[in-house]
Structures are given as structure tokens and as C-alpha cells.
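K.L.:
So you can see what is in the structure, the chains are spelled out below.
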Amino acid sequence: MSRPSILRTAAWPWFVASLAVLVYAFREAIFIVPADAAQGDAGRIFYYHVPSAMLSLVFPYINFLASLAFLYWRRRDPLKALAADALALSAAEVTLVFTSICLLTGMLWGRATWGIWWTWDERLTSELLLWLLYAAYLTVRRYSATGQTQTIAAVLSVFAAIDVPIVYMSIRWWRTQHPAPVFFGGPDSGMAPSMLPAFTWNIIGWGAWGIFILCFRYALERRRQLAEQEAALDAIEASLEPTQ
Amino acid sequence: MTWHSFLNLSTLENRHLLAAYITVWAIQGGYFAWVAWQWRRTSRPRP
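Chains as they are written, first to last, in my numbering: chain U, 1 to 244; chain P, 245 to 291.
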């Protein structure tokens, strides 16, 4: 079986399984987990905010590695470079989706819990910077007409990759208004056992969904690239036909 | 929590909880719908 047909066969079961896990995870987060003693029901935003925040720090590295592959292959093997570029673009869009969700759900939680929508705290600011870098990346991809668009975007992805560890470490390096790290944050970090199932199902569900949407977007970009190549070949063939 | 309290808009914390969950599904669903629409619009490559 060829690779595209394996992907096509796996796509629907993966899509359905992701949705099933997300429905179950929603049930856990809303109906099963008891309300947080300090935050009340607003604390349930955590189950959508934290998985999105974690995934918004994973997909940039797919974009970064694919961009490095593009830069390596762009003169050596243009066909492989095109595939790497399609993956980089797809990962950039998925990153923007998860970063947007992280920021918006964080603001909704902040207003309900802190009484403010936003503060220029290191974690929030570095995450906003990540969002801006990917917004810039996609704007360059959409509107630049230099012929070097993919190369400029690949270089931008390096800056974004530098910001990711800063976002991750911001609540460890500085005292921030943002809550302390839940995972790997020292002896005081960790999650109450009652919260763990809802969180686990949500991170599995959103992770599976992220992989699905990344693969779907990649397949679309490859289809678009092939359509452009075919159109270019047709135009060349038409220009070579003898005129009457 | 029940469906009734999840959809209850009387307190700020409930409104924000509902808004957060709707935001997530709207953004993810909107992006999926856009990719699916583009997929249908882009012609299939020749075999």
C-alpha cells in the first residue's frame, strides 16, 4: 500500500477517535471533576487552556525542524524541499491556532479569577510574542512577492523556536502573576489526583486532534503544490505547440 | 456541574467558562472547516 493511501485509510479512524476522546474529555472536565475550591467553576477552563498551551510549544518545533530541512534541501533536492516547506507551513498554522486558544482562554480565566483580562507578565508576554512571530510568519507567506518567501519564513521560524524555551522557562526564571508550573516545577508542583483524569483525557484528545489537523493541512498543501506544478507544465506545453 | 449550570449565564465565572469552551470549539472547528473547504476546492492531482 502506498504512503498516501495509508494516510487516507488512517485519517478517518483517527479523526473519529480524536472526536470521541474529546467528547469523553469534555464530560470529565465539566461533569465529573469537582469544582476547584479556590477558583470555582472558572477553574475548569484549565482543562482546555493547559493542553492548548502545551501544544502551542510543541508544534513550533515541527515548524522549526521542517524549516531547517527546507533550508538544507532547497538547492540539493527541490522536491524534498517542497515537502518540508508544506510541513513547515502546516505546523505554523496549527501553532497559531493553539497559541490563539491559549491566549484567549487565559484571558477569560484571568478576568474571572484575577479580575483583569491581561497583565504584562513574562509568561503572557512571551506567549504573545510567539503568537506575533507566527502571525508575521503567515503574513510573509501570504503577501510577500520576493521569490524568497519560503526562505524568509524559514529564518523567521528560527526566531520563533528561540522564543519557545523562553515561554516555557518564564514561570521558572521570574516571579510572575501567572500560576507556578504544574509539571516539573519543584517539590510544590503537581496536580490533585482528582484533576488528573480530566487533564489526561484532554491532553490526549487535543494532541490527537492536533496531529490530525496537521496531517490534513499538510495533505492540502501538497495537493496545492502538485496542482500548481501541473498548471505550470500545462502552460509550458501550450507555449511549445506550433501556432497555426 | 450539570448542563443546566454549565449553560447558566448568571455569574461571571460561568459566563467565562462557557465562553472559553465555545472559543476553543469555534477556533478548532473553524480551522478544520476552512481546511476541508480548501481541500474540496483544490483539484486532485492527475494520476
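A couple of the hints might just be wrong.
[As the list claims (entries may be wrong)] Over the 10 angstroms line for every Cβ pair with chain P, so calculated as not near, a few chain U residues:
no.	residue
1	L7
2	W12
3	V16
4	Q39
5	H49
6	K80
7	R111
8	W131
9	V140
10	Q177
11	S189
12	T200
13	A219
14	A227
[What the hints assert, rightly or not] Simulated restraints on C-beta separations:
no.	chain 1	residue 1	chain 2	residue 2	range
15	P	S249	U	E230	23 to 33 angstroms
16	U	A136	P	W283	18 to 28 angstroms
17	U	G186	P	R290	22 to 32 angstroms
18	P	W281	U	P78	24 to 34 angstroms
Keep in mind the hints are simulated off the structure, nothing from the lab. Cβ atoms here follow ideal geometry from the backbone N, Cα and C, with glycine treated the same way.
K.L.:
It remains to establish, for every hint, whether it holds in the given structure.
P.N.:
To see whether the hints hold, each was checked on the structure:
no.	hint	verdict
1	L7	holds (13 angstroms)
2	W12	holds (13 angstroms)
3	V16	holds (13 angstroms)
4	Q39	violated (8 angstroms)
5	H49	violated (7 angstroms)
6	K80	holds (18 angstroms)
7	R111	violated (6 angstroms)
8	W131	holds (13 angstroms)
9	V140	holds (19 angstroms)
10	Q177	holds (17 angstroms)
11	S189	holds (23 angstroms)
12	T200	holds (17 angstroms)
13	A219	violated (8 angstroms)
14	A227	violated (5 angstroms)
15	P/S249 with U/E230: 23 to 33 angstroms	violated (55 angstroms)
16	U/A136 with P/W283: 18 to 28 angstroms	holds (26 angstroms)
17	U/G186 with P/R290: 22 to 32 angstroms	violated (58 angstroms)
18	P/W281 with U/P78: 24 to 34 angstroms	holds (29 angstroms)
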